[in-house]
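Those protein sequences? They're chains A and B, same order as listed.
Per this note's numbering, the very first residue in the first sequence carries number 1; after that it's consecutive.
Per this note's numbering, the very first residue in the second sequence carries number 1; after that it's consecutive.
Any given hint could turn out to be false.
[Said to hold, decoys possible] Each computed SDA-like pair below joins lysine to any residue, with the alpha-carbon atoms no more than 25 Å apart:
#1 A:Lys33 with B:Leu12
#2 B:Lys27 with A:Ala150
#3 B:Lys27 with A:Arg51
#4 B:Lys183 with A:Leu58
#5 A:Lys157 with B:Gln8
#6 A:Lys59 with B:Thr3
#7 A:Lys59 with B:Arg181
#8 A:Lys59 with B:Leu25
#9 A:Lys33 with B:Glu23
#10 A:Lys33 with B:Leu26
#11 A:Lys33 with B:Gln8
#12 A:Lys59 with B:Ala67
#13 B:Lys27 with A:Ala14
#14 A:Lys157 with B:Ala186
#15 A:Lys59 with B:Asp20
#16 A:Lys59 with B:Ala13
#17 B:Lys183 with A:Ala150
[Stated by the list, open to error] To spell it out: a stretch of chain B is covered by chain A in this simulated footprint if at least three of its residues, at any positions, have a beta carbon under 8 Å from a beta carbon of chain A; those stretches are:
#18 10-24
#19 120-133
Hint data in this document are derived by calculation from the structure and do not stem from the laboratory.
As the structure is a prediction and not an experimental result, all values here were calculated from the model.
For each residue, glycine too, the CB sits at the ideal point set by N, CA and C.
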Amino acid sequence: MTQAAEALYRQAGAQFAPALARLARSVERDPEKARDLEQEMHCALWISLARFDGRCALKTWVYRVAHNVAADHVSRAVRGPQRVALDVIETLPSAGNVEAETAEALVLAQVGELIRRLPPVDMQVIVLWLEGESAADIADITGLSAGAVATRVHRIKALIAGHFQSEPAYGVTA
Amino acid sequence: MTTPPLPQWTALARDAVFTDPTEMLLKADRFDQTIRRRNWREYAAGVSGVLLSIGMAAFFAWVGDYAIVGAVMVTGMGFLVVMHNLRRHASPVERLPEEPCIEHLRRQYRYQAEALHSVASWYIGPLVPGFLAMQAAIFWNAAQDRGWEEALTDKGWPFALIVAFLIGVIALNRWAARDLRRKLAALETLD
Chain A
1 MTQAAEALYR
11 QAGAQFAPAL
21 ARLARSVERD
31 PEKARDLEQE
41 MHCALWISLA
51 RFDGRCALKT
61 WVYRVAHNVA
71 ADHVSRAVRG
81 PQRVALDVIE
91 TLPSAGNVEA
101 ETAEALVLAQ
111 VGELIRRLPP
121 VDMQVIVLWL
131 EGESAADIAD
141 ITGLSAGAVA
151 TRVHRIKALI
161 AGHFQSEPAY
171 GVTA
Chain B
1 MTTPPLPQWT
11 ALARDAVFTD
21 PTEMLLKADR
31 FDQTIRRRNW
41 REYAAGVSGV
51 LLSIGMAAFF
61 AWVGDYAIVG
71 AVMVTGMGFL
81 VVMHNLRRHA
91 SPVERLPEEP
101 CIEHLRRQYR
111 YQAEALHSVA
121 SWYIGPLVPG
131 FLAMQAAIFW
141 NAAQDRGWEE
151 ALTDKGWPFA
161 LIVAFLIGVI
171 ALNRWAARDL
181 RRKLAALETL
191 D
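For reference, chain B alone in the conformation it holds in the complex (with noise of 0.2 Å):
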């Protein structure tokens, strides 16, 4: 340690103290509470889809529109890979905060820049099957009422628009990992 540069900066907050070791037991016991909390939240909003899915699906079969009741399933089953997904991206690089905080940066920017640049595939990608099988039985059936070529057109912008959207959100997830990218690389050059 050498003398400080700036005494104004090492004058400041003096008087504070770390927070006591009985209060930190508590936190520790809210966190885990809030922890289990959220857990339960997406426990119930998986469930939550299923039920509605096979609601949905039970529905359309009583009315004997099968292609529907096939895209339904397709469509729940993909939610629920997303939800696997979704607890296994968000969960936090391994906690190590007594690492050199240039490796701590590193790791982090590294998993980030994953997460995003793979969202095609963890996130947008299950949901497809069921969107495409939707979009299917909706022509289908469109086409039956009033023929292929008038189906296309009346559904098919709409289809068009979801596509566009989804291929966008992929575009910004993958320009915010390239991003990350580059400030990896400059860490790089640092040491």
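Chain A on its own, in the form it takes in the complex (with noise of 0.2 Å):
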């Protein structure tokens, strides 16, 4: 690896870590199996950083990387819930036994089920939005169009929102 690329990995590992080990826990409930793809996006970001060429942001580079690398990890797995296109979820999913103490606990066990229940896109859509990356930006990483990523944001706000109608205390930002 040259100097410059183990730069940028470590420019990215700055920057980006925590957003991919979040990306890896909302895909893989399995904490061990999660931490496993944590580091294969790491591998494969380590390794395909070599051939950046500055054509995209570092952000764009690493965010394609590590969505691509879970999709993979998705399509791998043997077993796992039934996939559902976000238009067609009513209400955010149960999150099964998670112990839940407060709304905001419960809510994020409950983004993540839905996470793990959404085809690819959709889910790199939502987990894009949930970093805070604007439309413009999760549609360079995704190669979707801008309608296409604003539709389905508007859909994950409304299934957040209709959580939180009877919790006002808890509001999402817009």
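Mind assembling these two chains? They're in different frames, but the hints should get you there.
Here it is in structure tokens:
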């Protein structure tokens, strides 16, 4: 690996390590497998950065690599919940046996469960939106049109807002 | 970047760090070793298959059953072709994880759908000549002892069951390929 690529890897680590950890933990419920997936993302990124030519932002590159590795992981999974498109989900799914003591913890658990049930494209948009990425950046990373991103973001906002309707203390910022 | 819509989300895993580059080098070495071991196992399985075919052919040549000898040789060659095809089809799509996510998904779905749809030609097909030759030899040997009618009645059922099984495998793979193509078509309409 060249020094430039290693410097990029360290820069990416300083900026995006928590986001990639959250992505791994959101698509893989098993903590040990999630850690393996996280390292798989690091490895793919480490190898790919030798090809980084600056034609897109480092952030776009890092997220593309991480989300594509995550999508491959999901497609390799032998077992898992049946995947349902975002537009046919009416409410946030049950968080299973998670003992959530607050509405905040519960909604995080439910959003995690929702992410694991979504097809890859919907999952990618939702996770990037949760990271605070703009619609334009999400479109650049995923390759979707701005309209397709907006539709999905609108849908997830409605689902989360529905969850908080009876809990006004925990708002969702638009 | 905008304000994260659910601050609790971005508060998670704040202490996460990337794997150290030195450790990454070790992992890459281990990965190379894993690939070398897998290649060696595949090579050993191929060689074992060929040796088994040669051994069986030699045995049946010794007992003078040349129809079975021919069938075993054809089966062995079919086995080699399947090994070669498995290696070709099992290799993943060219790794370009930095491409836009939707392009990556499309390539994966297209590749997998094609592999599943064509399973009859690259997996089942090469074994068919050996299978037919073996069945013909079995029918022929049984007919020499008991006549064709009894041979076909006795040996016909196993033959039919195996044919039905192979057709089932092809149908299941085609069904899975259709499912992937539906997903691919849905992706095409997204952007």
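Structure-based check of all given hints:
1. A:Lys33 with B:Leu12: holds (18 Å)
2. B:Lys27 with A:Ala150: Violated. B:Lys27 to A:Ala150 sits at ~39 Å, over the 25 Å cutoff.
3. B:Lys27 with A:Arg51: holds (20 Å)
4. B:Lys183 with A:Leu58: violated (30 Å)
5. A:Lys157 with B:Gln8: holds (15 Å)
6. A:Lys59 with B:Thr3: Given pair A:Lys59, B:Thr3 holds - Cα atoms ~16 Å apart, limit 25 Å.
7. A:Lys59 with B:Arg181: violated (31 Å)
8. A:Lys59 with B:Leu25: Roughly 23 Å separates the two Cα atoms, so the pair holds.
9. A:Lys33 with B:Glu23: holds (18 Å)
10. A:Lys33 with B:Leu26: The given pair, whose Cα atoms are some 20 Å apart, holds under the 25 Å limit.
11. A:Lys33 with B:Gln8: holds (23 Å)
12. A:Lys59 with B:Ala67: violated (66 Å)
13. B:Lys27 with A:Ala14: This hinted pair holds, its Cα atoms lying about 21 Å apart.
14. A:Lys157 with B:Ala186: With Cα atoms ~23 Å apart, A:Lys157 and B:Ala186 stay inside 25 Å; holds.
15. A:Lys59 with B:Asp20: Holds, at roughly 19 Å.
16. A:Lys59 with B:Ala13: holds (18 Å)
17. B:Lys183 with A:Ala150: holds (21 Å)
18. 10-24: holds (count 11)
19. 120-133: violated (count 0)
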